[in-house]
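Everything in the sequence shown is counted per this note's numbering, starting at 1 for the first residue and increasing by one.
Just so you know, the hints here were simulated from the structure itself, not pulled from any lab data.
It is possible that part of the hints are untrue.
Keeping only pairs whose Cα atoms sit at most 30 Å apart, straight-line, the calculated DSSO-like set for lysine-lysine is [unchecked claim]:
| id | residue 1 | residue 2 |
| --- | --- | --- |
| 1 | Lys31 | Lys53 |
| 2 | Lys48 | Lys31 |
| 3 | Lys42 | Lys53 |
| 4 | Lys42 | Lys31 |
Okay, the calculated beta carbon distance ranges per label pair [to be verified]:
| id | residue 1 | residue 2 | range |
| --- | --- | --- | --- |
| 5 | Pro39 | Glu68 | 32 to 40 Å |
| 6 | Leu22 | Arg70 | 34 to 42 Å |
| 7 | Glu16 | Arg69 | 37 to 45 Å |
Keep in mind it's a predicted model, so treat the numbers as computed, not measured.
Glycine residues also receive a C-beta, built at the ideal position from the N, C-alpha and C atoms.
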Amino acid sequence: MSATKSSPANRLLDIEAVASWLGISPHTLYKMVSQRRIPYVKVGSRVKFDPFKLEDWIRQQTVMPMPERRP
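All chains, please: the whole structure from these sequences, using the hints.
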C-alpha cells in the first residue's frame, strides 16, 4: 500500500516537529509518551503524532478561568 498526499501516514508528525510546536524539548516529549500523557501512534519502532488528535488533546488540557469574585 503506497501513501498518497492525503493518506493518514503523510499527516503524521515526528517528535522534533511536535516538540517544536508545543515549545518543549524532545526529551520532555519522549517522557510524556512513555508516561502515556499525550496521544501518539507507533509506526514500527517510531513514535508519530496525528495533528488532529494533538489539537483535541490540547483543547482537553485547557484550563478555563474562574469567574471573577466581587467583594
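Cross-check of the supplied hints:
no. : hint                      : in the structure
1   : Lys31 / Lys53             : 18 Å, holds
2   : Lys48 / Lys31             : 14 Å, holds
3   : Lys42 / Lys53             : 14 Å, holds
4   : Lys42 / Lys31             : 15 Å, holds
5   : Pro39 / Glu68: 32 to 40 Å : 34 Å, holds
6   : Leu22 / Arg70: 34 to 42 Å : 36 Å, holds
7   : Glu16 / Arg69: 37 to 45 Å : 43 Å, holds
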